[in-house]
Amino acid sequence: SQQGEEDPQALSIQEGENATMNCSYKTSINNLQWYRQNSGRGLVHLILIRSNEREKHSGRLRVTLDTSKKSSSLLITASRAADTASYFCATGQTGANSKLTFGKGITLSVRP
Amino acid sequence: DTAVSQTPKYLVTQMGNDKSIKCEQNLGHDTMYWYKQDSKKFLKIMFSYNNKELIINETVPNRFSPKSPDKAHLNLHINSLELGDSAVYFCASSQDGRGPADTQYFGPGTRLTVL
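As you go down the protein sequences, you meet chains X and U in turn.
Its first residue numbered 399, the first sequence is counted upward by one per residue in the numbering used here.
Its first residue numbered 3, the second sequence is counted upward by one per residue in the numbering used here.
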């Protein structure tokens, strides 16, 4: 069954604005990851946050994790047209041989 | 240098045919995966191999058979192709894969179209 559910499903913003994307999940996790997929390309790993972490930064990206609410958010600051892509959250469960379970993705359009 | 590569990039074939997709990673990772992404971009894992050993086998029709000749390669063979097999197939790899899910590195994808 699907674990991560992102919202909104689609987001359109102006260049320079911030983009916030949310992800909710259902079961206990070891970590939560965000990936980006440009049109016609493979997924690229952006950031991983572990269940004992609350916030993580990487360049213009800020990820938060609230395990009590089973939710995460990805903030992209000062967006650029090149940020236009689909963004996926993926949850990694605890335990051996754990797989990543991906959400449906959010389509972000950044207008120049 | 391409970290995870797949061939072919596009595959168009008739229903009932058998086809293979190849994947290679040069990252020295121990685990490789196959995912299927449907037309709505939903990404679902199919298989994973750790050091040539099958460790994840989701509910996939047995027409799909993965083969890992060594830990750098994971190929996907599909028998008796059906219209519903049309999708983009992604190969991925990760450093370990035996514990909690690690960062995964994806190939560029193979777009399979079954006519």
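You may find that some hints are simply not true.
[To be verified] If you want the footprint, here are the derived chain X segments under chain U, 3+ residues with CB under 8 Å: (1) 419-432; (2) 441-449; (3) 496-506.
Keep in mind that the hints were calculated from the coordinates and are not lab data.
From the three backbone atoms N, C-alpha and C, an ideal C-beta is built for every residue, glycine too.
Hint-by-hint comparison with the structure:
1. 419-432: holds (count 3)
2. 441-449: Per the Cβ count (4), the hint holds.
3. 496-506: It holds: at least three residues are needed, and the segment 496-506 of chain X offers 7 whose Cβ sits within less than 8 Å of chain U.
Comparing the model with each earlier hint shows no violations; every hint is respected.
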